[in-house]
Amino acid sequence: MSSWKSRHYVVEELGTGLHAAIARPDGYGVCNSGLADLGDVRVVFDTGLTPSSARDLRASAERAFGRPPSLAVNSHQHLDHSLGNSEFSRIPIWGTRRTREIILATHDEITAELKRSQLQKDIHELEARQAKAPTEDARADAGIFLQINRALLASVNDLRIVPPDHTFETRLALPGRRYAELLSFGSGHTAADALMFLPREKVVFAGDLVVVGLQPSMGSGDPEHWLVVLDEIERLGAERIVPGHGPVTTAEGLAETRAYVAGVLEAAEAPRGASLPRALRRWDGALSLQENLAFVRRWLKARRSGK
1 MSSWKSRHYV
11 VEELGTGLHA
21 AIARPDGYGV
31 CNSGLADLGD
41 VRVVFDTGLT
51 PSSARDLRAS
61 AERAFGRPPS
71 LAVNSHQHLD
81 HSLGNSEFSR
91 IPIWGTRRTR
101 EIILATHDEI
111 TAELKRSQLQ
121 KDIHELEARQ
131 AKAPTEDARA
141 DAGIFLQINR
151 ALLASVNDLR
161 IVPPDHTFET
171 RLALPGRRYA
181 ELLSFGSGHT
191 AADALMFLPR
201 EKVVFAGDLV
211 VVGLQPSMGS
221 GDPEHWLVVL
231 DEIERLGAER
241 IVPGHGPVTT
251 AEGLAETRAY
261 VAGVLEAAEA
271 PRGASLPRAL
281 RRWDGALSLQ
291 ENLAFVRRWL
301 KARRSGK
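To convert, note that position 157 of the sequence shown is 157 in our numbering; the numbers rise steadily by one, no gaps.
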């Protein structure tokens, strides 16, 4: 197996014509991507945060495939997985129907957040937060969001929101001699996440349904059903899982994500001030944890009130 580095990714070979593009911490891709040559089509799974990283990703795909990619996929609507779509707009881009609806519905709001003045304001506030952070953990947490905003600001003149132009609901078999399918098990990390599964190779490209070494964001989906989705992924029997963030993993990474989501649900139900479940103590990112706890508490309250 071979691998190589580019400006924004470390590309790891998982098999012939099958690669994981792992986002570099100093790069502008931010999320991991997948490259899969199916014979009839050549797939890029998740297009990254910026046009510059997406161009880098496209070049990596051409190097991996020996020819250009012919199809792209968004696992969900978050910008680090979909804002690179503008560099793939000449080929079909697939996502769940709900992902497309969310991107269209939030277009004006997100466009306003991507203006130079707003990004500069966000960076200034994050720098101040980082400077006042009481712990190294909190400083590192602010640094993650700073990296995202600085990446966006560096590409601000080229940013363009492009939603998927092809959609599916629960399952889509992709054309090709190598069998692969897009699957959606419903709301989890977001309202309708997609993953790509290659059963013969036992590989799953999971998007942010699985995250390694970074607290997953829980503010856009259904925390309880996320556990159901993780059970469905486990039933696929994948031996290698490419997470949305972090290194290529196995069932161990899946179990760690499950323990985290379950731990946040447990902590959100506990009285304020209670000690955190053990599954949460090993995760870095105090700010992200507090945001996740706040969201899940609101989510539980709204569900119980029937709203």
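By construction, these hints were calculated from the structure, which means they are not laboratory data.
Just so it is clear, the structure is predicted and the values come from calculations on it, not from any experiment.
We put the beta carbon where it would ideally sit given N, CA and C, even for glycine.
Keep in mind that the hints are not guaranteed to be accurate.
What the hints assert, rightly or not - What follows is a set of in silico ranges between Cβ atoms, one per label pair, in the way DEER data are often shown:
{"#": "1", "residue 1": "S2", "residue 2": "D137", "range": "20 to 28 Å"}
{"#": "2", "residue 1": "T250", "residue 2": "G143", "range": "26 to 34 Å"}
{"#": "3", "residue 1": "D165", "residue 2": "R281", "range": "40 to 48 Å"}
R281 and D165 - C-beta distance against the hinted 40 to 48 Å: Because 44 Å falls inside the window, the suggested range holds.
Assessment of proposed distance window 20 to 28 Å (beta carbons of S2, D137): Since the Cβ atoms of S2 and D137 sit about 36 Å apart, the hinted range of 20 to 28 Å is violated.
Cβ distance range 26 to 34 Å for T250 and G143, holds or violated: 28 Å, holds
When the structure is compared with the earlier hints, a violation turns up for hint 1 alone.
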